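To get my numbering, take the position in the sequence shown, counting from 1, and add 7.
It is possible that some hints are incorrect.
Stated by the list, open to error - Here are the in silico distance ranges between beta carbons for each label pair:
1. Val-63 / Arg-137: 29 to 39 Å
2. Gln-67 / Asp-45: 14 to 24 Å
3. Arg-70 / Lys-133: 29 to 39 Å
4. Pro-157 / Ile-68: 28 to 38 Å
5. Asp-57 / Arg-137: 15 to 25 Å
6. Ala-82 / Pro-157: 32 to 42 Å
7. Asp-77 / Ser-145: 25 to 35 Å
8. Glu-53 / Val-148: 27 to 37 Å
9. Leu-50 / Ser-134: 16 to 26 Å
10. Ser-154 / Glu-64: 11 to 21 Å
11. Phe-187 / Gln-67: 13 to 23 Å
12. Ser-154 / Asn-46: 33 to 43 Å
13. Leu-170 / Val-148: 19 to 29 Å
It should be emphasised that the hints constitute simulated quantities derived from the structure, not laboratory data. It should be emphasised that the depicted structure is a prediction, and the values quoted were computed from it without experimental measurement. The C-beta atom is built at its ideal place from N, Cα and C for all residues, glycine as well.
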Amino acid sequence: MKKHYVVSCFFVILAFTSCKKDSDSEYLPSFEGITIRDNGYDLPIENDPDDWRLDVEFSQIERNLFDTIDFNNIASVEEAVVEEVTGSIPAIIKCPKPVFYPNPVNHYGYISHNAGDIVNIVVVNKSFQRLFEFRGDSFRVMRIDFSDFPEGFYRLYYVFQNLEYEITGMGYGDVSVGMFDLFYGDM
């Protein structure tokens, strides 16, 4: 009887621990697709509609990447502002969404934005290990060195804030390091 009880307890514990491992891994976001871009001026060659937005809702595991941010303190976010200009000058479109280029990246990648006074950036791999972090004053363009990253897919998370620490935009973009043949073929 005692042997049967010990064996039963073992299987119950085994079942609970194996379920926990499965549930943890299913909450890791998957990295699918990239926005292919040669530079920061031209339109993307291929666009992933989930990448480089300002209105993304983060899961708890994604929020945990930014331990100093109050995610309940949100300012209003505008995706784009169009200003009409009279005369021969066409309408000016101001789009504060971040732009990352080149993607895929081999050495340096650049992120530009116009969405906040305080910038928070974290780059993770598919296992959600932090590989790069930045928190500081706003910039127009920031260079990130990917030369030590192994070939593969990564995700760059960003949260922009104003001077009152209200979130003015947050999102992510998937980045491919290397793997040019996968996206460009035999050019």
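Please flag the earlier hints that this structure goes against, numbers listed from lowest up.
1, 2, 3, 4, 7, 8, 9, 10, 11 and 12
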